[in-house]
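There are 2 protein chains.
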Amino acid sequence: MGSTERIGNVAKRVAKWARAGHQMVVVPSAMSGETNRLLALAKELAPAKPTADYSRELDMLAATGEQASSALLAIALQAEGLESVSYAGWQVPIRTNSAYTKARIESIDDKRVRADLANGKVVIVTGFQGMDEQGNITTLGRGGSDTSAVAVAAAMKAQECLIYTDVDGVYTTDPRVVPEARRMTNISFEEMLEMASLGSKVLQIRSVEFAGKYRVPLRVLSSFTPWDIPLEEEATSGTLITFEEDENMEQAIVSGIAFNRDEAKISVLGVPDTPGIAYQILGPIAEANIDVDVIIQNLSKDGKTDFSFTVHRNDYAKAIDLLKDQVMDNLGSKEIVGDAKICKVSIVGIGMRSHVGVASRMFRVLSEEGINIQMISTSEIKTSVVIDEKYMELAVRALHKAFDLDQVPADTIAQS
Amino acid sequence: MGSTERIGNVAKRVAKWARAGHQMVVVPSAMSGETNRLLALAKELAPAKPTADYSRELDMLAATGEQASSALLAIALQAEGLESVSYAGWQVPIRTNSAYTKARIESIDDKRVRADLANGKVVIVTGFQGMDEQGNITTLGRGGSDTSAVAVAAAMKAQECLIYTDVDGVYTTDPRVVPEARRMTNISFEEMLEMASLGSKVLQIRSVEFAGKYRVPLRVLSSFTPWDIPLEEEATSGTLITFEEDENMEQAIVSGIAFNRDEAKISVLGVPDTPGIAYQILGPIAEANIDVDVIIQNLSKDGKTDFSFTVHRNDYAKAIDLLKDQVMDNLGSKEIVGDAKICKVSIVGIGMRSHVGVASRMFRVLSEEGINIQMISTSEIKTSVVIDEKYMELAVRALHKAFDLDQVPADTIAQS
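As you go down the protein sequences, you meet chains H and W in turn. According to our numbering, the first sequence is numbered sequentially starting from 4. According to our numbering, the second sequence is numbered sequentially starting from 4.
Hints in this document: simulated from the structure, not taken from any laboratory. A couple of the hints might just be wrong.
[As the list claims (entries may be wrong)] Distance condition first, Cα-Cα at most 20 Å in a straight line; then the derived DMTMM-like pairs of lysine to aspartate or glutamate:
1. Lys105(W) with Glu136(W)
2. Lys404(W) with Asp177(W)
3. Lys19(W) with Glu8(W)
4. Lys15(H) with Glu47(W)
5. Lys46(H) with Glu86(W)
6. Lys46(H) with Glu37(W)
7. Lys393(H) with Asp407(H)
8. Lys46(W) with Glu8(H)
9. Lys15(W) with Asp169(H)
10. Lys15(H) with Glu86(H)
11. Lys114(W) with Asp56(H)
12. Lys46(W) with Glu86(H)
13. Lys114(W) with Glu109(H)
14. Lys15(W) with Glu47(H)
15. Lys124(W) with Asp56(H)
16. Lys204(H) with Asp169(H)
17. Lys124(H) with Asp56(W)
18. Lys344(H) with Asp318(H)
19. Lys393(H) with Asp342(H)
20. Lys46(H) with Glu83(W)
21. Lys46(W) with Asp342(H)
22. Lys321(W) with Asp305(W)
23. Lys15(H) with Asp56(W)
24. Lys344(W) with Glu396(W)
25. Lys114(H) with Glu83(H)
26. Lys114(H) with Glu136(W)
27. Lys404(H) with Glu372(H)
28. Lys114(H) with Asp135(W)
29. Lys46(H) with Asp56(W)
30. Lys46(W) with Glu37(H)
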């Protein structure tokens, strides 16, 4: 939520739903910039000091941003003439583990909220935060308000969880790269999970996982939609993330194209092709808390092989140093080569399960554009390739067209 | 607390005490301007609407200011190398009644804090706030952080409660009016209570009352003192508010001169001098939640009398209207007159108990300056007069001199 003007508009929007007879639980985020402002204050006071663990107090601090916006929203709703009450995470309570700054929700008590709903109140539950077993305040990490909203929806067995974001839905790919990209009216939970994990930033992946675990229907819609559009229109806007592969689902084999420019590729050349080689290379990487994404081991030649993997670009230099220091000599590797100018492009679609040849069609499209594929990784509903970064837009546009994502699906046309 | 720089200095000061072997519980206020900033946001959202009661949500909102500064102070202390932990009011818990925005502390559980102190931690307890029986967040009203500090000191049976303020102690009168005003090294609790209630703004009266109830020795000292002065010097600076009338106490009959320009006088003329007249006049005033201070009923003449009282200047117009509407005709009063240009000047001193003639000496001083006394009110340790506002400085200076408050007391000279 931005200014008080935006909070006021959120209140008007919530009032519209409440007056139409819906029982509403609202989970607001902090006012924009507030979390950063608070953490910047902490940073001024605590210069980098690796031994100190400020995380408990950072959570005490950061949790105030959402508490303030929750109280303000309750006030705005009361000014609209609705009865409303706000609760901090510990008041619900939302119980989490004790992993400060990235806590996980363990349970939500719905008694207090249900009683208020039954009394006709709009309930505001403060997002992003909870309380651990010892009564300490915890926060859920960036995007935690979305996770809170989904968790509350799950606990309340809500009909639908509406997530108001700064985009108006989930697109077949990023419209800034492909102007023809279309907003999807539906997407399956599994597809959304792949899209999110592949770098589509609409929703935090943890909130999607949570929705999946508890089968909470999620609707992603725009917070910039005027609050006074008809409720029926708003209720069907955005993109619905569903759990039923029903017949009304869009029938495209590929639903979307995701891409990610945040990775870098590292290859350890000429290592012995013996059991345990992957662990010897990736063990130290994992110990240094570096996430590895795509992993490839080439066919061996003369008992030697090349081993390649991708890491986040921020970890690239650290990973190279680590391998040179701790791994290279032990394995008798002659060379470690890396490339930070790569990207990953993925096609995602639940239809890939039942359609053969989707991956090879992807490879053909890229080949026709003269794009060399450096690495390939597949799952049941997605195929990812690592290619030279400079071809990213070209690859995404070509795939978007080849898999007919520019076209409105037949069933949507029939409906309109 | 002001900027992060000031929080950092508070941390250094606390560290100095802690390293000298003191177990410390610290109750920080919000960063300066923060409470006003939050309440201004609420005001933008909730235009004046007399029927709505936003107070619960205002407390949710305002409580975040102190929680943030508490977490920041804990972080600053950790950066100083001390172990420290901060608790919101509900975590201690500090239990209050449910009078939102002006709650009263009912009890404080000291278990959690004691355990942390025993483990060598500096404990930060968030001021200004508590939790009611239903688990709602409450705040104590303006200056509530002082009250929290005193209450925590009482619960912990602290040796002394140090209140760092923007002044360096309690003065014999306001130095802006009388340049010769002296800082007192000691003042009795009863005198401090009178000084506070008469408009000396060093401490909120509720925190002084609390200190009195639980006999917590309070030291008022300056937060602007450099943090690195020797501890012994800091420990004896400011003004100590004590509960023992011991021999070392300053022996002046009058300890200080308080004054207050916030009042206005109202007189109801020509009312029948019958029982119940005071209630008939002041009943409606009390029902309108208007505080009455000095009350005078003149001698009657021909069965009629004049009835006068003072109210806060903000309530002056409302009180006059009320009397004209509801009281005047019923009582057959011919006239209601008021004067907002008055002030109250008071001499305060525990020595007045055992010395006769102190009040008449005050009246003589004022008479010698040609100042007409409009109303008089006395208690065991103070005498107040209402006079024309324009004579206020003159009266205060004359009294300050006449009661020898310009002079350093003899016992203090002997000590130095």
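Review point. Hint by hint, which ones does the structure fall short of?
Key: Hints 7, 9, 11, 13, 21, 22, 25, 29 are the ones this structure does not satisfy, whereas the remaining hints hold.
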